[in-house]
Amino acid sequence: MSNVPVSAFLALALILFCIGLYGALSKRNTVIVLISIELMLNAVNINLVTFSKYGPAPSINGQIFALFAIAIAAAEAAIGLAILIALYNNRKTVNIDEMDQLKH
Amino acid sequence: MENAWLIPLFPLLSFLVLLIAGRRLREASAYAGILLTLASLAMSVYMLAERFTKPTFKSESVWLTIGDLKLTAGFEVNQLNALMLVIVSLVSFLVHIYSRGYMHGDERFPVFYAYLGLFTFAMLGLVLSPNLLQTYIFWELVGLGSFLLIGFYFYKESAKHAAQKAFIMTRIGDVGLLIGMILLFWQTGSFEYDEIFASVKEGAVSETMITLTAILIFIGAVGKSGQFPLHTWLPDAMEGPTPVSALIHAATMVAAGVYLVAATFPLFAASETALMTVSVIGAFTAIFAASIGIVQKDIKRVLAYSTVSQLGYMMLALGSAGYVAGVFHLMTHAFFKALLFLAAGSVIHAVHTQDIEKMGGLWKKLRFTAPLFLIGTLAISGVPLFSGFFSKDEILVAAWVHGNKALFWLAVTAAFFTAFYMFRLFFMVFAGEARTHMKNVHESPGSMIFPMAVLGVLAIASGYINTPWFGTFLGDWLVEGNSALGHGHVEGPAWIMIVATLVSLSGILLAYLIYVKRSISRDWLISRAPLTYNVLRNKYYIDEFYGMTFVYGAKAVSLFLRFIETFLVEGLVKTVTVFVQTLGKTGSKIQSGQVQTYGAIAFVGLAVLMVIFALTGGYL
Amino acid sequence: MLSGEFIAFIGLALVAIMGGVLLLNLTKVVHMVVALVFTFVSIAGIYVLLSAEFLAAVQILIYSGAITIIMLFGIMLTKHNDESEAKGIGWRKILLFLGVLAFGAAVYIGIYDLDFTSETSSLHVKNTEQIGLALYSDYIIPFELTSVVLLVTLVGAIILARKDDNGKEGDKE
Amino acid sequence: MNESYYLSLLVFSPLLGIILLAFMSKDSEKSIKLLGFMATLPPAILALMAYVSRLMGKDLADFSERVRWIQFGNLPQMGEDFFTVYYELGIDGFSLLMIVLTAILSTLAAIASFHIKKEWKGYYMLFLLLEIGMLGVFTAQNLILFFVFFELTLIPMFFLIGKWGFFEKEKAAYSFLIYNGLGSAILLIVIMVLFARTGTTNIEALKILVNTANSDLITPLSDSVKYGLLIALLVAFGIKLPIFPLHSWMLRVHVEAPPSIVMLHSGILLKIGAYGLIRFGMGIFPEQFKELAVVLAVLGVINLLYGAFLAFIQKDFKMVLAYSSISHMGIVLIGLGALNQAGIQGAIFQVVSHGLISALLFFLVGVFYERTHTTDISKLGGMAKGMPIASGFLLAGAMASLGLPGMSGFVSEFMAFLGLFEEMPWLAAVGTLGIIMTAVYLLRAVLAITYGRADREFAGITDLRSYEWAPVLVLVGLIVLIGVYPAVLSEPLKSVLLGLGG
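Chains as they are written, first to last, in our numbering: chain A, 1 to 104; chain B, 105 to 724; chain C, 725 to 897; chain D, 898 to 1399.
For reference, chain A alone in the conformation it holds in the complex (with noise of 0.2 Å):
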């Protein structure tokens, strides 16, 4: 039954998150930015799901897990959104170069 390997999975996980780390890291869209930060999570539920079929202790424990990632998940890019909103109602901008603040 399990012809696909665990390490497949993980592997699929580890591009995603890379690639949701990289797109978080280096793009300048905000919007992206968050999409990026979902894309992260995802890979990251890939991860629980993955464990929780083919790790050494399977349950649906890890599925349970998932599920709050993505019920968190949806709170966070709401969240995000506002403050992207927000932010953008007062700068004008959605360009995240221009979001210095802590530097002051």
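Just so you know, not all the hints are guaranteed correct.
Stated by the list, open to error - Partner residues aside, some chain D positions facing chain B, computed with beta carbon under 8 Å:
(1) Ile1210
(2) Asp1213
(3) Gln1238
(4) Ala1239
(5) Gln1242
(6) Gly1279
(7) Leu1301
(8) Met1312
(9) Phe1314
(10) Trp1323
(11) Leu1340
(12) Leu1344
(13) Tyr1348
Stated by the list, open to error - Straight-line distance between alpha carbons at most 27 Å, and here's what the computed BS3-like set of lysine-lysine pairs gives:
(14) Lys92/A <-> Lys693/B
(15) Lys817/C <-> Lys92/A
(16) Lys174/B <-> Lys1282/D
(17) Lys1014/D <-> Lys689/B
(18) Lys1276/D <-> Lys659/B
(19) Lys817/C <-> Lys689/B
(20) Lys955/D <-> Lys1015/D
(21) Lys1212/D <-> Lys260/B
(22) Lys1014/D <-> Lys930/D
(23) Lys1018/D <-> Lys923/D
(24) Lys1282/D <-> Lys260/B
(25) Lys659/B <-> Lys1018/D
(26) Lys1068/D <-> Lys1276/D
(27) Lys305/B <-> Lys401/B
(28) Lys955/D <-> Lys930/D
(29) Lys468/B <-> Lys401/B
(30) Lys752/C <-> Lys92/A
(31) Lys1187/D <-> Lys174/B
(32) Lys1068/D <-> Lys678/B
(33) Lys1068/D <-> Lys1212/D
(34) Lys1066/D <-> Lys678/B
(35) Lys955/D <-> Lys1391/D
(36) Lys678/B <-> Lys1212/D
To be verified - Computed from the model, here is a short list of chain B residues facing chain D with C-beta under 7 Å:
(37) Thr169
(38) Gln268
(39) Ile276
(40) Ile283
Everything labelled a hint here was simulated from the structure, so no lab data went into it.
Note that beta-carbon positions come from the ideal geometry of N, C-alpha and C, so glycine has one too.
Go by the hints and put chains B, C and D onto chain A.
The following block gives chains B, C and D in isolation, referenced to the frame of chain A:
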């Protein structure tokens, strides 16, 4: 002889007393100096007399402990030491007296006497030293005395340079001595002369080591005795007051090199190469300095070059295994050269110039000085019946017997030159008419004449203690009980004496013809061989050569190092500074306030750490 | 060897990765978001392969549906200057790319031969029921807390996104 | 006599002066100077008493004192000394000499400080603090205490240079602090590694623990770790000494600091480097030190020649002396590199002797500067005319420095070379070039100042004043005493040399 250690202490006392109380004593300082030196002289004479009957006395105690090593200090009275004690204290005593007249009126009169005391102390200490280390210590102190006295007229730039030059050039030699001494110490385990000689005799030291150390010690002697190639300081040292020239740069300190070779003679005798080196350097210096002496115009410089030349003679004698000849000439030379210098001082005192071109016709005006100067000149020229004749003859015999005929003929030629330039000097100063107008030429005071008279007597008489005619007392006594020093008297062919006489007489004759009869033009050399004349006049350009090579060499090295200092060392520091500053600037640039950048950097750091862990296997 | 499951996995994985790559390389923001929808859907497929049917459904609902829509709204509510994305390849991007590669490689070393000899699981049997049971028994408290979080999110989002009448209140420096 | 507090009393006695000074009014110049000077007397007297009692045959171990100080962790099963730092003071022959030297030089430098022109109160307080630090460094029996005192010397020194120095004083102070801070950071690493590995910082205990195979360490010290530690020590103390190419800070300090402070700096603080190398480098890692001896000797010769050649072309007399210090520290290294009894004793002698000589020379620099307001060689000249006594002493100092027999410089130089010639004759032969160069550069500088034609009027320039006589006479006296009768130093050193296995 147990009290011989007191001898150097009298002059030291004089030094200290005059240093502290000199300002109050003013010219009375002279008496303190004279009395204390007299005490030394008296004790020295007593020691010498005692040494005729008693064996060598040596006493030592520990000076410095280095872990298990014990270095000693003490004193020794053997034949050579006893003889040197008398020579040194006698000349010093006479110079003390003489200076009272010569230095009269100088504002630093007490200082002068203090320095004289210091020098005499060091010289006597040197003579009494029973080991190389102590010799070295006093060797340097003697150099200090010489340095201080050359630079006595400190406000003259030339005196400053002369003093500096003297100190540094002799120090170059001293380093040779130091190395040789330390090498010998690790070979033989001792600085003591007798222990070193014993192990050399037993063959405990390899042949090459003996040669090496002997030559290194000889380098020390070369520096002190103004032998080629370290001779240039000695003529310059004439910047010092004339009594100093007589004491230090004629009779005692410069002879210390010869004394050192004589004192370590068994070491040299064990190595043919070392002896050869000594004799070749000696012979070369003798003729070399004599040739320069021919054209010099400064009365003291002529005498200085003659000193260099005569010291070369002594070295030649020692190198030819003529221990007695060397020491004998050392003694006679001390007397007649001191006489010549004192007489020259008396002349300078009278006419206030040192240029012999400006003198002339002084024979009648200086009733006492002139004959005394003549005695000295005759003695140094090797005219029979004067002391120089006997000692020079001994040297020639030794050179002939030792086998190197080329050196022998060199020595004979040098003798000819000596006779020629000494009489050139004499005739130019005393004969004929005054070449410039001299006011107030007056004979020197008695305090100056008396020492000269004593030395005059000695310049004649001292030769007779070691003659082929009446017996070689000195020689026999010197080598008594020590076979390593060679024979007391070396038999040579009788014609050598005749040749020597002829050579010196012909030199005198030539000088007479040129400078008195004027049957040969004075400008003969200038017109015939201007190049040779110029080379001689400029002392073979040795000073210039040293200036170009060593002085500029040292400067160049220094500048090169400064280059390193500014660019390498400081550059290194600058690099570090710039690096740190750049780091700081980059760091503050990274603080852009952009969360994304922060994240990126933090992440890259994490990645680097992970890679490191993965590679070192610390992962999992 | 080439079982149907494997082929399905390869296909889904390729689509997911392609979506990610397109996300990085497209220039228009809307296109990026759409590219990502492919990824989300393929991930749902992966979930099915991993016997998590309920999760797959949730994935499609939340990600492909809700989140993507929110993002599109976000994009539409703001102005986008696409050229800013295309501004050359700076040193930072290269460094970051290398860092990501290194990170990936380092993690890959850890996972490439990972295999657990696990007992057969029974997750695919009544998957939704299993989740439901677990959620309302063991995970009841986290579940309730999640709902609180969602409520807070709701309120917070509204407050944040509300147009500020007082002008520049948020512009504190 | 109960000496259990003797050393503490000795080390902290300047504190009394600091406290008294704190109550003085800022402007009463005369009494501050007098009090500052008086405050240096108690340690000097106590140090001399200790020295005398050593000569009387007293065992120096009687002076040791030991009080529990800091406890790190609580591991009773390893014994109660484990990870405990004691406050422990003690002396051996070498440190006794250093203490006497420190105490005497401090007193003399306090006299030299009469030339200071401003803020005497702060100056003397820092000065006394510095003295506590220096005395402490030489009495500390464990590394942590040593480090504390070592740092205690840095801070007062920083302010003394930075506030009372010449033109570029701030820069000099900073480079002093940065270089020495680096050095002490490295030193701290070494100390901590040793402490962590052995559980003790007591020097005697470390000597045994580090060098016994299978000794009961937390983790055994491999040979490469020992090498690493020794090299780190070499760098740390090499900065202090200083060893080429870590010397540039020291030139600035010598030029910019007030002469009275340079007396102490050149006389004592540089010697801490040598002291540390001998005490810790050679003491704790003897095996490794032997291997590195050649390197030390080579560095020594480089220092000697490098300093000498650069001193030759300097235009400022203070620079000449600064480079001469580098050159003379080369002799210390040469002696250490020889690593036989003669060499080590030579190095220790050189430490003491150079301390006295450079103090003398810098004191005279201060004297000349006070009257002429320059130290530029070309602007001075013919000073012997107007200031014969000061010039005479300057010449005497130069002679001592260039190793004239009968003065202390010769004895140390001679022994260092004697030692090196036994081990590495060729290197030593190269090194002797330094002896010649020393004479060359010192005479060039000193004669240019004292001899020759005087370009200035000497009206109003006084020769040595009465209070200036004391330091000069004491220093020259000590220099000559050591030169003529070296047993004053070699006697207390006997046991030290045997201990170092020479």
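Status of the hints after comparison with the structure:
no. : hint                    : in the structure
1   : Ile1210                 : holds, 4 Å
2   : Asp1213                 : violated, 13 Å
3   : Gln1238                 : holds, 3 Å
4   : Ala1239                 : holds, 5 Å
5   : Gln1242                 : holds, 5 Å
6   : Gly1279                 : holds, 6 Å
7   : Leu1301                 : holds, 6 Å
8   : Met1312                 : holds, 6 Å
9   : Phe1314                 : holds, 6 Å
10  : Trp1323                 : violated, 11 Å
11  : Leu1340                 : holds, 5 Å
12  : Leu1344                 : holds, 5 Å
13  : Tyr1348                 : holds, 4 Å
14  : Lys92/A <-> Lys693/B    : holds, 25 Å
15  : Lys817/C <-> Lys92/A    : holds, 25 Å
16  : Lys174/B <-> Lys1282/D  : violated, 44 Å
17  : Lys1014/D <-> Lys689/B  : violated, 40 Å
18  : Lys1276/D <-> Lys659/B  : holds, 21 Å
19  : Lys817/C <-> Lys689/B   : holds, 21 Å
20  : Lys955/D <-> Lys1015/D  : violated, 44 Å
21  : Lys1212/D <-> Lys260/B  : holds, 21 Å
22  : Lys1014/D <-> Lys930/D  : holds, 11 Å
23  : Lys1018/D <-> Lys923/D  : holds, 6 Å
24  : Lys1282/D <-> Lys260/B  : holds, 11 Å
25  : Lys659/B <-> Lys1018/D  : violated, 46 Å
26  : Lys1068/D <-> Lys1276/D : holds, 25 Å
27  : Lys305/B <-> Lys401/B   : violated, 49 Å
28  : Lys955/D <-> Lys930/D   : violated, 36 Å
29  : Lys468/B <-> Lys401/B   : holds, 22 Å
30  : Lys752/C <-> Lys92/A    : holds, 19 Å
31  : Lys1187/D <-> Lys174/B  : holds, 25 Å
32  : Lys1068/D <-> Lys678/B  : holds, 14 Å
33  : Lys1068/D <-> Lys1212/D : holds, 20 Å
34  : Lys1066/D <-> Lys678/B  : holds, 19 Å
35  : Lys955/D <-> Lys1391/D  : holds, 14 Å
36  : Lys678/B <-> Lys1212/D  : holds, 24 Å
37  : Thr169                  : holds, 5 Å
38  : Gln268                  : holds, 5 Å
39  : Ile276                  : holds, 6 Å
40  : Ile283                  : holds, 6 Å
Consistency with the previously given hints fails for numbers 2, 10, 16, 17, 20, 25, 27, 28, ordered from lowest to highest.
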